[in-house]
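Novice: These are the residues of each chain, in order.
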Amino acid sequence: MMKMPTREQARKIWGIIFVLPTFLFIFLFMVYPLIYSFYISLSDYNFVYDVAPKFVGLKNYFKAFADPTFIVSMKNTFCFAGLFFVLVMVISFLIALLLYYCNHFSWFFRTSIFIPIVIPISLVCILFSWMFAENFGIVNYFLSDVLHLPQWAHAWLTDPKTAMDIVILVSLWCCIGFETILFLAGLQGISSDLFEAAAVDGATGWRKVFYIILPNLKETYVITGIWAILQGLKVFVQPMVLTQGGPGNATLVMYMHIYNNAFLHFDLGYAAALAFILSVIILFFSILNLKLSSSK
Amino acid sequence: MKKVWLLMLILVMVCTTVAFSAEPKVVRITGQSWQITKLFLEDAAKQFSAAHPGVKVELKTYADPSTITNYAINWSGGNTPVDIVIIESPQFACQFITKNLLYSFDKDLKFFDSKTKRSDFVKFCLDDGVINNSQYVIPVISEVYAININKKMFKEAGLVDKDGNPLEPKTWEDVYNFAKKLHKVENGKVVQQGATIQWGMNMYATVMAVLRASRGDIYGADKVSMSFNNPEFRNILTVWKKGADEGVFSKETIADYNAGRNSFSAGRVAMLIESGSRWFEAADNLGKNNVSVLPLPGSMANGSYAFGSGVIIPRASKSPQLAVQFIKEQLLSGKLQTRTLNQYGKMPVMMSHYKEAAASEWESLKEIMDKSGATPKYRDFSKYMTDVAPIIQTYLDGKISLDETINRLENLMKSLDKKTI
Chain A
1 MMKMPTREQA RKIWGIIFVL PTFLFIFLFM VYPLIYSFYI SLSDYNFVYD VAPKFVGLKN
61 YFKAFADPTF IVSMKNTFCF AGLFFVLVMV ISFLIALLLY YCNHFSWFFR TSIFIPIVIP
121 ISLVCILFSW MFAENFGIVN YFLSDVLHLP QWAHAWLTDP KTAMDIVILV SLWCCIGFET
181 ILFLAGLQGI SSDLFEAAAV DGATGWRKVF YIILPNLKET YVITGIWAIL QGLKVFVQPM
241 VLTQGGPGNA TLVMYMHIYN NAFLHFDLGY AAALAFILSV IILFFSILNL KLSSSK
Chain B
297 MKKVWLLMLI LVMVCTTVAF SAEPKVVRIT GQSWQITKLF LEDAAKQFSA AHPGVKVELK
357 TYADPSTITN YAINWSGGNT PVDIVIIESP QFACQFITKN LLYSFDKDLK FFDSKTKRSD
417 FVKFCLDDGV INNSQYVIPV ISEVYAININ KKMFKEAGLV DKDGNPLEPK TWEDVYNFAK
477 KLHKVENGKV VQQGATIQWG MNMYATVMAV LRASRGDIYG ADKVSMSFNN PEFRNILTVW
537 KKGADEGVFS KETIADYNAG RNSFSAGRVA MLIESGSRWF EAADNLGKNN VSVLPLPGSM
597 ANGSYAFGSG VIIPRASKSP QLAVQFIKEQ LLSGKLQTRT LNQYGKMPVM MSHYKEAAAS
657 EWESLKEIMD KSGATPKYRD FSKYMTDVAP IIQTYLDGKI SLDETINRLE NLMKSLDKKT
717 I
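As given, the protein sequences belong to chains A and B, one line each in that order. Going by the numbering used here, the first sequence opens with residue 1, and the numbers climb by one from there. Going by the numbering used here, the second sequence opens with residue 297, and the numbers climb by one from there.
Heads up, some of the hints might be wrong.
[As the list claims (entries may be wrong)] Cβ pair distances, simulated, as ranges:
no.	chain 1	residue 1	chain 2	residue 2	range
1	B	Glu-625	A	Lys-234	48 to 56 Å
2	A	Leu-34	B	Gly-350	48 to 56 Å
3	B	Lys-451	A	Lys-234	49 to 57 Å
4	B	Ser-697	A	His-148	18 to 26 Å
5	A	Lys-234	B	Ala-597	29 to 37 Å
6	B	Ile-369	A	Lys-234	49 to 57 Å
7	B	Asp-459	A	Val-146	42 to 50 Å
8	A	Leu-58	B	Ala-562	29 to 37 Å
9	A	Asp-165	B	Ser-629	47 to 55 Å
10	A	Thr-162	B	Arg-414	20 to 28 Å
11	A	Tyr-61	B	Ala-670	36 to 44 Å
The set of hints was computed from the structure by calculation and includes no laboratory data. Backbone N, C-alpha and C fix where the C-beta goes; we use that ideal spot for every residue, glycine too.
Whenever a hint applies, use it, and build me the whole structure from the sequences.
Specialist: Here you go:
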């Protein structure tokens, strides 16, 4: 006679049944592609012309570090990410602070800050590319015809000295809203008792910010920091639409180089290797951010 | 009784087989939205359906040329959501040929017959669609690189002959000198740009155009690799740099490859060096008498860079013959081809369709197109397309010397896999 499962065994079986769909989904759409793409990164494989991947070991990884275009893209990505990270964190925090202390029309200011998030980034970039156009852009028109400062009118997007600055500016415009909301949520989570105690001890103005607010936002830094790191290192749309990586390779970032190799040159093996290198870099900085945010 | 049932069963099976083996009466066409518009495909679909009762024509759009690569996944499995794909250039067909995913128009579909002869086509247009000695792409519209000009600006600058016709620059020094005369700056602001050259993501086309126009051939001694290390191209790069440094050649296309076209249509640019259809597009804004087109220096004798949209039919299509019929009756019809030319400036691919061209400039452009050579069909042509622009842009920014630029271009060419599929 078949033994009936015990209550504990039955609970385990039901648990497995309920978890199975999610597990299958994660395995099929995340784990398996990750493993397969790692295998592809160890292969020489042109999607269009090769019948099957040919295993070549770490050749693609060595090729990446000998590829001057990849080195330039890595340098540009770090430059962008470094500046973007610092600026987005500082500016978002300051705006969140202003919104926190704002007593009138705060709903209007919060909505205005958040609106850029809901507009597709590609659309924003197209608009900004027209605004910063050399011959017919509104920025140069405003500088030369309204403010009568033609010497300040510039080829913003075609000058290698200013192209990356504009990419960072547009990225900040798009992303500050989201970070501000995260910081604002963090600020609203600080207990008012702390502020009262600080007031009793005579802490006012910037002292409150440095001794009460900043230390109590550690959990917020984890989220905002990781998000800013991801936005910085994974940047793609802004340089793609604004400058197509130019002038020269002045705004070519790693994601674009991966895209070009995968979808324009069909060199999936090399592109997969580049993608894994980028993933390791992102993982490193994310863990660093986590450690720094959680340390005393 | 059993025999009757058996006979009926066989009859049903035969009828079903016949029904399923007949081509479905639907043609599904995909193209970019500008191709659907400029080829008047909606009208073409209605006319075809009206002429062939029971036949349905479905139109779909795809966002970007790079997305058609995804069709390889369907086609490899024997399925297809489309029967005709309008591609931006025959180069885009190469990716499907290695895995035998396309019909050959001449070998498989017997496209050419007494009514549609090879000699009816502009030779270059048809030759460009030949890959590995098979006609995989049938051209439908074409364009050629030239100098689009604002005639009014030429007249104001005195760059006209005694009959009032714009002077033609014979060399690149002439182009620079003309641009200098046409360039106007007031209170430190550029109010009229001398010239804009396509130096953006289509730089690869500009380079091929000037190479062919100046030398008669884009290739070196081996007749396979494109050659950049020659006095003609060095001279052109030097002139470009001089013009860019002085501001008479605008660099606005580096950030936005459509910037030149938009500025020209807005009446801000005197000479626009890219596709020779831009003058026609600007005619509505600037007036038909104020715009024209001139050949690139050397292109009347040697040709230029010509390109155009064509059609491919996947092997997975269940209605290839209907697709061929649509192509012949609609896409290559005189009515559609002439309408596209006279409304959008997209040049016909068949010789006879130039007779009703509204503007005389098209004959010169047709002559240039016919002398142009086919685009190289390298496996790594996409690498040339993406990598040539940054090298030349870096030179124009003054970051590398002319010799270093030529070295990098030659090294780029050496690194490409130049096998044809």
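Novice: Decide, hint by hint, whether the structure agrees.
Specialist: Hint check:
{"no.": "1", "hint": "B:Glu-625 x A:Lys-234: 48 to 56 Å", "in the structure": "holds, 49 Å"}
{"no.": "2", "hint": "A:Leu-34 x B:Gly-350: 48 to 56 Å", "in the structure": "holds, 50 Å"}
{"no.": "3", "hint": "B:Lys-451 x A:Lys-234: 49 to 57 Å", "in the structure": "holds, 53 Å"}
{"no.": "4", "hint": "B:Ser-697 x A:His-148: 18 to 26 Å", "in the structure": "violated, 39 Å"}
{"no.": "5", "hint": "A:Lys-234 x B:Ala-597: 29 to 37 Å", "in the structure": "violated, 51 Å"}
{"no.": "6", "hint": "B:Ile-369 x A:Lys-234: 49 to 57 Å", "in the structure": "violated, 26 Å"}
{"no.": "7", "hint": "B:Asp-459 x A:Val-146: 42 to 50 Å", "in the structure": "holds, 44 Å"}
{"no.": "8", "hint": "A:Leu-58 x B:Ala-562: 29 to 37 Å", "in the structure": "violated, 53 Å"}
{"no.": "9", "hint": "A:Asp-165 x B:Ser-629: 47 to 55 Å", "in the structure": "holds, 52 Å"}
{"no.": "10", "hint": "A:Thr-162 x B:Arg-414: 20 to 28 Å", "in the structure": "violated, 53 Å"}
{"no.": "11", "hint": "A:Tyr-61 x B:Ala-670: 36 to 44 Å", "in the structure": "holds, 38 Å"}
Checked against the numbered hints above, the structure breaks hints 4, 5, 6, 8 and 10 and satisfies the rest.
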